[in-house]
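**Student:** Residues per chain, in single letters:
There are 2 protein chains.
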Amino acid sequence: MHSFQDLTIQFGKHFSKEHFPQQPHKLYAGAKHILEIGGKRIRPVLCLMGNELFDEIHPDSYEVGTAVELFHNFTLVHDDIMDKAPLRRNKPTVHTLYGDSAAILAGDVMLINVYEHLNKVQPHYKQKLLAAFNKAAIEVCEGQQFDMDFEEMEPEQVKYDDYVNMIALKTSVLLAASLKMGAIIGGGSDYNQQHLYEFGKNIGIAFQIQDDYLDAFGDPEKFGKQQGGDILVNKKTFLLLKALELCNPAQHTKLKELLASNPDDKVAQVLELFHDCQVDAWAEREKERFQEIALKHLESIAVLSARKQPLMELADYLLKREH
Amino acid sequence: MHSFQDLTIQFGKHFSKEHFPQQPHKLYAGAKHILEIGGKRIRPVLCLMGNELFDEIHPDSYEVGTAVELFHNFTLVHDDIMDKAPLRRNKPTVHTLYGDSAAILAGDVMLINVYEHLNKVQPHYKQKLLAAFNKAAIEVCEGQQFDMDFEEMEPEQVKYDDYVNMIALKTSVLLAASLKMGAIIGGGSDYNQQHLYEFGKNIGIAFQIQDDYLDAFGDPEKFGKQQGGDILVNKKTFLLLKALELCNPAQHTKLKELLASNPDDKVAQVLELFHDCQVDAWAEREKERFQEIALKHLESIAVLSARKQPLMELADYLLKREH
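The listed protein sequences derive, respectively, from chains A and B.
FYI, our numbering numbers position 4 of the first sequence as 4, with every residue one higher than the one before it.
FYI, our numbering numbers position 121 of the second sequence as 121, with every residue one higher than the one before it.
Same shape as in the complex, but just chain A (with noise of 0.2 Å):
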């Protein structure tokens, strides 16, 4: 058994080559930018963890790894060009770099790619791996789409089900996706299986819930972003929306007219009334709530409780960060 970071460092080692060839070189340029500017490879990770919760990690793992990372990148480029975001990670975003035309077919390439590497595992489960990918591959770009739905919408017309359903598809399926796909070559059960994609998907929800949380609440220093970058922005949060909801009618009114104007104060005043409508609390409650589902479907899993460490420890870290 490895722990996270162990298999963060052997992916890391397995995935830092080259992916694209030299030609045609605005089209591979865009693609080679977008892995070398790097990232977490926490996808793959849970695909090598999903494996090695039921057995040794197959060469397979590495494959569809690959095949996650691509394509996690791949949405982020075109998600940058839709956001017309010029940053990621401080560097360029691909469309800046080479227009919006060569980003759009390195997206595309990349995702031609991602199959390429589905293609080289055991024909024995790859039906059933394309399947698991491609569901939430398609379901990552419907969750794009209600985003996008949403910001075009008033706050309050977004129901926070719908909301939580669009964070789960845009954020979550494709980290549950990964570890289930790991589960497949490993050989868990579809019982098994099953509950690990539950585990990943409600990690997911509570992570996201958190990094709203920590954007508001939490240390900039530690965090190491803007304190109320969303805020600033009137990104539709889970704190904003929940805010929206428990709020008496005076609270409603201030909110709705900061989210209209721009004060020098907005973030702070914004801040006091989360505060006051205890949307805060509210929160770490629907952060643990979230994260406690994870965990009975972790728990629920047919394996010995050592082999399941790792990914408690995962959810521990990613769960407790306040960076």
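Some hints here could point you the wrong way.
It does not matter which identical chain is used: a pair holds within one copy or between any two.
As the list claims (entries may be wrong) - Simulated pairs of lysine-lysine, DSSO-like, Cα-Cα distance not exceeding 30 Å: (1) Lys-159 to Lys-235; (2) Lys-13 to Lys-308; (3) Lys-135 to Lys-17; (4) Lys-296 to Lys-135; (5) Lys-235 to Lys-26; (6) Lys-256 to Lys-235; (7) Lys-236 to Lys-26; (8) Lys-26 to Lys-256; (9) Lys-254 to Lys-235; (10) Lys-320 to Lys-308; (11) Lys-159 to Lys-32; (12) Lys-159 to Lys-26; (13) Lys-17 to Lys-91; (14) Lys-40 to Lys-120; (15) Lys-135 to Lys-32; (16) Lys-91 to Lys-308; (17) Lys-135 to Lys-120; (18) Lys-320 to Lys-266; (19) Lys-126 to Lys-17; (20) Lys-84 to Lys-26; (21) Lys-235 to Lys-222; (22) Lys-13 to Lys-91; (23) Lys-308 to Lys-26; (24) Lys-222 to Lys-91.
Treat the hints as calculated values from the structure; they're not laboratory data.
Predicted model, so just to flag it, every value in this text is computed and none were measured.
Starting from the known structure of chain A, fit chain B onto it as the hints suggest.
**Tutor:** Coordinates of chain B only, in the frame set by chain A:
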């Protein structure tokens, strides 16, 4: 054995169904739109013909045909964004109707759906089919990038062989791969698959030369397009590139002047120049050259001549069209 026309009808029936769910509306409405505005469905029919060259048509050929047709339509959606094209088949393009972001995402989800269909085929040739498909799909992206690169260059800078290679990648390899995938399903040998692939690739190039020729010299009544449409927008075509190579210095200066200006009789003047440097006769020979290469490959396929009849008829139909 079925004719091309018969198979077009059969595939059309198979393909005319709901391919996507209802929600998120903006995502799938674009994908549905591009499929609804029609198309000749030539690639899936090539897949059926490649299959039937060797054996009775297996249901997998319909799945692979669906995959190839979805892929082709995905490329149209993304290419139209890159080209900022307002219309396709006289209907608004997907990005015109739903915006660039939804169109990027609609293309993405179509591309993932391609692999849902490819995942349905029998396991014993799934690996080979996916490999043949992925190779062509990657090449189509590369062809599109080369095309965009060439657009930014002066016509004299584009070498003829590089142009032929770009056209082959962008338009012919998917035709060739469609035939080859059919052959894989039909149980054709590697030798036969390869000759069938080359048949398709060379027919595709010949077809493109003819397309360029007809745009310039065709009867606009029969061809259904404005005569000289390519000339009006200075499109790099087989004719233009070869004319620049064949013409004398005086003609070269004249041609460059015409490219840089837009006189009312631009089409007529360019056509006269094309005549004078005999690029029209050259284009007919060049088309025949590729057609002959194609037919030699078809001859080399080790099945009874009678089985090749529908493919011969298709080649004749495609390469003797006046419309």
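**Student:** Does each hint fit the structure? Answer for all of them.
**Tutor:** Do the hints match the structure? See the list:
1. Lys-159 to Lys-235: For Lys-159 and Lys-235, the Cα distance is within 30 Å only inside one copy (15 Å; across copies 50 Å).
2. Lys-13 to Lys-308: Classified as within; 24 Å inside a copy, 51 Å across copies.
3. Lys-135 to Lys-17: Both: 28 Å inside a chain and 20 Å across chains, each within 30 Å.
4. Lys-296 to Lys-135: Answer is within: at 24 Å inside a copy they meet the 30 Å cutoff, but 44 Å across does not.
5. Lys-235 to Lys-26: between (33 Å within a copy, 21 Å between copies)
6. Lys-256 to Lys-235: within (13 Å within a copy, 53 Å between copies)
7. Lys-236 to Lys-26: Answer is between: at 20 Å across copies they meet the 30 Å cutoff, but 35 Å inside does not.
8. Lys-26 to Lys-256: So Lys-26 and Lys-256 pass the 30 Å test across copies only (28 Å; inside, 45 Å).
9. Lys-254 to Lys-235: Cα proximity of Lys-254 and Lys-235: one copy only (17 Å, versus 58 Å across).
10. Lys-320 to Lys-308: within (18 Å within a copy, 67 Å between copies)
11. Lys-159 to Lys-32: Cα proximity of Lys-159 and Lys-32: across copies only (27 Å, versus 39 Å in one copy).
12. Lys-159 to Lys-26: Between copies only: 18 Å across, 42 Å inside.
13. Lys-17 to Lys-91: within (20 Å within a copy, 44 Å between copies)
14. Lys-40 to Lys-120: So Lys-40 and Lys-120 pass the 30 Å test inside one copy only (24 Å; across, 33 Å).
15. Lys-135 to Lys-32: both (26 Å within a copy, 19 Å between copies)
16. Lys-91 to Lys-308: Cα proximity of Lys-91 and Lys-308: none, with 37 Å in one copy and 56 Å across.
17. Lys-135 to Lys-120: So Lys-135 and Lys-120 pass the 30 Å test inside a copy (19 Å) and across (14 Å) alike.
18. Lys-320 to Lys-266: within (28 Å within a copy, 70 Å between copies)
19. Lys-126 to Lys-17: Classified as both; 24 Å inside a copy, 27 Å across copies.
20. Lys-84 to Lys-26: both (19 Å within a copy, 19 Å between copies)
21. Lys-235 to Lys-222: within (21 Å within a copy, 56 Å between copies)
22. Lys-13 to Lys-91: within (23 Å within a copy, 50 Å between copies)
23. Lys-308 to Lys-26: The answer is neither: 44 Å in one copy and 41 Å across copies each exceed 30 Å.
24. Lys-222 to Lys-91: within (21 Å within a copy, 53 Å between copies)
When each numbered hint is compared with the structure, violations occur for hints 16 and 23.
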